[in-house]
Amino acid sequence: AQKITQTQPGMFVQEKEAVTLDCTYDTSDPSYGLFWYKQPSSGEMIFLIYQGSYDQQNATEGRYSLNFQKARKSANLVISASQLGDSAMYFCAMREGGYSTLTFGKGTMLLVSP
Amino acid sequence: DSGVTQTPKHLITATGQRVTLRCSPRSGDLSVYWYQQSLDQGLQFLIQYYNGEERAKGNILERFSAQQFPDLHSELNLSSLELGDSALYFCASSVFDRDTDTQYFGPGTRLTVL
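Those protein sequence lines, which keep their order, are chains W and H. For the first sequence, position 96 matches number 96 in our numbering, and the numbering has no gaps at all. For the second sequence, position 29 matches number 29 in our numbering, and the numbering has no gaps at all.
Honestly, the hints are just simulated from the structure, not real lab data. Check before you lean on any hint, since a few could be wrong.
Beta-carbon label-pair distances, calculated as ranges [what the hints assert, rightly or not]:
| id | chain 1 | residue 1 | chain 2 | residue 2 | range |
| --- | --- | --- | --- | --- | --- |
| 1 | H | His10 | W | Lys3 | 27 to 35 Å |
| 2 | H | Gly3 | W | Arg63 | 17 to 25 Å |
| 3 | H | Pro70 | W | Arg63 | 35 to 43 Å |
| 4 | W | Lys16 | H | Gly52 | 42 to 50 Å |
| 5 | H | Val95 | W | Glu61 | 38 to 46 Å |
| 6 | H | Thr20 | W | Asp26 | 44 to 52 Å |
| 7 | W | Gly62 | H | Thr100 | 47 to 55 Å |
| 8 | W | Leu111 | H | Gly52 | 40 to 48 Å |
| 9 | W | Lys70 | H | Gln17 | 43 to 51 Å |
| 10 | H | Arg63 | W | Leu111 | 36 to 44 Å |
| 11 | H | His10 | W | Gly62 | 30 to 38 Å |
For the chain W half of the interface with chain H, some residues (derived, Cβ under 10 Å), not all of them [as the list claims (entries may be wrong)]:
| id | residue |
| --- | --- |
| 12 | Tyr50 |
| 13 | Tyr64 |
| 14 | Phe68 |
| 15 | Leu84 |
| 16 | Ala88 |
| 17 | Tyr99 |
| 18 | Thr103 |
| 19 | Lys106 |
Just so you know, even glycine gets a beta-carbon here, dropped at the ideal spot from N, CA and C.
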């Protein structure tokens, strides 16, 4: 079974609108971390936001927020006020307790139109 | 700029050859990770080093090896290259090896095997 599932291969949004990118995860470990990375067409992987499994509040970083619903095992990324520069591939990743490695989803391609 | 550097940026070589990819972690980071990104396999963890010692191994082929040197830079060696080894190879680094540590990625080395 996939540990990280991103069901939206592609998403379209207009500039200045908010968009939610879905991510569900599968783990039986009570301690884990969830990460979102952005990969623009230039190829680099840019860290956006982190949520720990024991964090009581949803993480926020500027225009990025993580809608963490532990019981549903979902960790959706919300981008508010989309900008043209947000057009990129977005990856959700998980790190389980006791392991140092990241397991990535297949990604969602976001296109922001003017 | 994540602070992680990788050289070379692009590498074109022939089947059967051997190449070395180099990574310098962010200043102060002890942990280095190598990931492979290909169209069919997505982003996959290869191997991790922590303060010079191998810490975790993922889907790394026997033809591939890595090491971390006393100055904490790391090298990934790929030998007997095959067409299927063509991919984007990322190095990432983190301060320690804890669940909460964010991994910061370098710009990647794009390997093309002809």
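Hints and how they fare:
no., hint, result
1, His10/H x Lys3/W: 27 to 35 Å, "holds (31 Å)"
2, Gly3/H x Arg63/W: 17 to 25 Å, "holds (23 Å)"
3, Pro70/H x Arg63/W: 35 to 43 Å, "holds (41 Å)"
4, Lys16/W x Gly52/H: 42 to 50 Å, "holds (49 Å)"
5, Val95/H x Glu61/W: 38 to 46 Å, "violated (18 Å)"
6, Thr20/H x Asp26/W: 44 to 52 Å, "violated (36 Å)"
7, Gly62/W x Thr100/H: 47 to 55 Å, "violated (20 Å)"
8, Leu111/W x Gly52/H: 40 to 48 Å, "holds (43 Å)"
9, Lys70/W x Gln17/H: 43 to 51 Å, "holds (48 Å)"
10, Arg63/H x Leu111/W: 36 to 44 Å, "holds (38 Å)"
11, His10/H x Gly62/W: 30 to 38 Å, "holds (32 Å)"
12, Tyr50, "holds (6 Å)"
13, Tyr64, "violated (14 Å)"
14, Phe68, "violated (15 Å)"
15, Leu84, "violated (21 Å)"
16, Ala88, "violated (14 Å)"
17, Tyr99, "holds (7 Å)"
18, Thr103, "holds (7 Å)"
19, Lys106, "holds (5 Å)"
Consistency note: the structure conflicts with the earlier hints numbered 5, 6, 7, 13, 14, 15, 16.
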